[in-house]
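> Chains as they are written, first to last, in the working numbering: chain V, 5 to 291; chain Z, 323 to 678; chain H, 127 to 373.
Derived from the structure by calculation, the hints contain no laboratory data.
The beta carbon of each residue, even a glycine, is placed where N, CA and C say it ideally should be.
Some clues are possibly wrong.
Covered, in the sense of this in silico footprint (three residues per stretch, anywhere, with C-beta under 8 Å from a C-beta of chain H), are these stretches of chain V [unchecked claim]:
#	stretch
1	161-174
2	214-226
3	244-252
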Amino acid sequence: MGDSERPGGEQPRRGGTDDTVLSVDEVSRRARAMAGERPPLPELDALAGEVLLAVDGLHAGYGRMEILHDFSLRVGRGQSLCLVGPNGAGKSTVLHSLFGFTNIYAGTVTFDGRDVTRLSPEDRLSKAGIAYVLQDNSVFPDMTVEENLCMGGFLMPRHAQAKEAAERIFEKYERLAERRRQPARVLSGGERRLLEISRALVMEPAVLLVDEPSIGLEPRFIDMVFEILEDLQHAEGKTIVMVEQNAKKGLEFADVGYVLVSGELALAGSGDRLLDDPDVGRLFLGG
Amino acid sequence: MNRVHMRVLLYAALLLLGVAGPWLFPSYIGQMGDLWLFIVFALTWDLCGGQMGYNSFGNVFFLGLGMYGCVVTQVGLFHSVSQYTAARGGSAEFEFNALQWLTGLLVGLPVGALVALVGAVVFGALILAMRGHYFAICTLGLGIAAGELASGWQWIGAGSGMTTPLPPDSLGDTNVLLYYLAFGLAAINFAIFRWLYTTRFGLAINAIRDDEEKAEAMGLRTTRIKVTAWAIGAVFLGFAGGILGNFKAFIDPIDVAFSGATFGVWMILMAMLGGKGTLWGPVIGAVVFQFTKELFWTYLLGWQRVALGLLIVLIVVFFPTGILGWLREHFPERFGRGADEPSPPNGVEPTTEGRA
Amino acid sequence: MSVMLEVRNVSKSFGGVRANRDVSLSVPQGGIVGLIGPNGSGKTTLFSSIVGYHPIDSGSIRFEGRELSRLRVPQIAREGLLRTFQQTRIYGEMTCTENMIISADLRRSGVLDLFRPYTRSMRDRAHELLEFVGLYEKRRLQAGSLSFGQQKLLEFAMALMNEPKMLMLDEPTAGINPTLINGLIDRLKRANAEYGVTLFVIEHNMRVIMDLVDHVYCLAHGEMLADGTPGEVQNDPRVLDAYLGAH
């Protein structure tokens, strides 16, 4: 991308021209042209290996508005998958569907061989082992860090179990332990994200759905969050499905990448392969 | 039957009922008059409550102001008000000939509306700085306070209230005239609001409802807009008050003029029943409510208030978006968003544009 | 080049917490200035102080020479100083087009002008701006049904619709697709170059800062830490330490 590769110190940045900047319509058109046919299921299976989480022919949305059209997905056990694509393409909707927040008009969601399409979110968390980390700030601001973690274990049969789980988290993440009795609202952006992710870990889920892990975080915390996720995937064997608008970072991290355009799967491939693809770069990664 | 046909049919039905009512159902002229006034109640409440998000529990304040303003004018133009109220309308001295009665009414109505308008501007400037529940409680207080003050003010009859001037026999059944005034008011109210909701003012009050802080941050003069909206509603309610007062022939400060427990609550109910924040919602709500209420009063006498209470609970629980909201959810093609055009799913481009 | 916004020694505390401490900065007319710093360093508080969202404890804020610190939010907005919110704010139950129309410039009009019908040109401009941010197809949908990123784009379009003299943007690219960010940067530059809109931008995305702004201020712990050209600030060891990390 010509415009951003300029030697430091030079000032001419005025008036980007139309050839260097793609309009949204242009992106959509080229994306559709490039996507051609949807990636076939065998390709998705191959990318996943031992499939843990699967979506087949999903038509889902909110109320009467269908966002995802005939969407399929395969994630392997212990794998990480990153969803990228333009705003409004339905990336968050995929996560919402995996967790049970959407209206499903057709298609299925399968977890470890079991059909969980009609399972409620609480059951997905407590019985199936799928946890969700929201995009927005979701800590309980007036509760302490410790209380927030215990809330993560609200569905556990006994409160003591939640407390034990919280202790384990404090052992692992010193940063949170230092602030355990402070109200969550005083946490910095990075610490807050850490709390949100750890809170989701209390129920010891097998799958973590993370919606925009690095959104709004300052540069030094972005790396921190990805390090945490990397540790969770490789040291603890969690399966991670994420949406990340900072697509470069997301695809660098993830094993597999899916590109969504207008509610449909346009491309799927390993994270590295998509990063190297110049078309993907130009259309979705900002060059 | 598509939207346009449906709308034409509705207009025709209402117009027919309105114009021919007194001939079709002469014994129900009081209830039909009430119906038109109820439509005004619901529409004006919805302007602030549904469209602007400011739920007023005290709009009955304007009804009462209009009522007293009108009747005091009707009497005061020709006689001493204090003497009139002292005699409690029982004395034969206080006669009104045909011209006096008509003049009194036709001058009194705008005066009542003006008093209501002043009330809205004065109090609006004070309490519209408050948001949400504070505003609601303040307006509740306003209605109650006005009722108590009126009960203590001897000049207008205090707790004994005022009887409206008796029309002379030469005028015949003045209820028919009052009926047409009510119908006319409702029709004008509807027409003006229909226009209002296509202007930027209509958008402004919706913006205040959706995010008042954002509206301020974009430069909208929110306080002025809020007071203007409340004042517009007050004017129509003021007119309605004068008409209603004359219909009832007797104004009681607590039970009729500033009756929070009946008209005050019913205003909110009708708008919610029909669908708040829409143009037709309050109209539908008023019609359904009035019919149901009259049915209860006729066939469930003794239990009518229980039935009404249950109806209120049913509405709030099962029809939170009102009848129109329910219809839109279940038949979006027919009733979709908006008065003029259907709202297409994303991607489909209709050729016409309009305020949805 | 004259100064459009002059912030001098502004301090603001919230219940014992010193959100802004003696902060001074200036934005030249027609310039593009950035504001960076860790979360909690007082950037949004400073923005809110400038636009009159809350009174300041001490200091002065001048816009085109006029003191702002005692004016209220709508007044300041009508002076031509507009801000967008970090937690994107739009009118959820109105359509996108309606959101645009009600955002049109109100500087020269009073409440009564709202009763006049809106012109064809106003509607056309609304559609043109919606098309730019890629929301033309969604123009008749309720704004509340848009995704987070789309709402952010709508808020941006609404701000442009208002034709402000100066636009203060709070993290305008957070959550926006990188390819679209290029388009936004481009449009911001054009709004600045062609229409003379002065820009003051809070950002975490250093690529945007490098590409867009002339001058950067860095806040940390409520105080001004450093300022200079993007190149200078990006290499300032204090900034690296407090904010950028190992980048």
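> Tell me if chain H covers the stretch 244-252 of chain V under the three-residue, 8 Å CB rule, please?
holds (count 4)
> Can the stretch 161-174 of chain V be counted as covered by chain H under the rule of three residues or more with Cβ-Cβ separation shorter than 8 Å?
violated (count 0)
> Are there at least three residues in the stretch 214-226 of chain V whose beta carbon sits under 8 Å from a beta carbon of chain H?
With 8 residues close enough to chain H, the hint holds.
When held up to the earlier numbered hints, the structure conflicts with hint 1 and nothing else.
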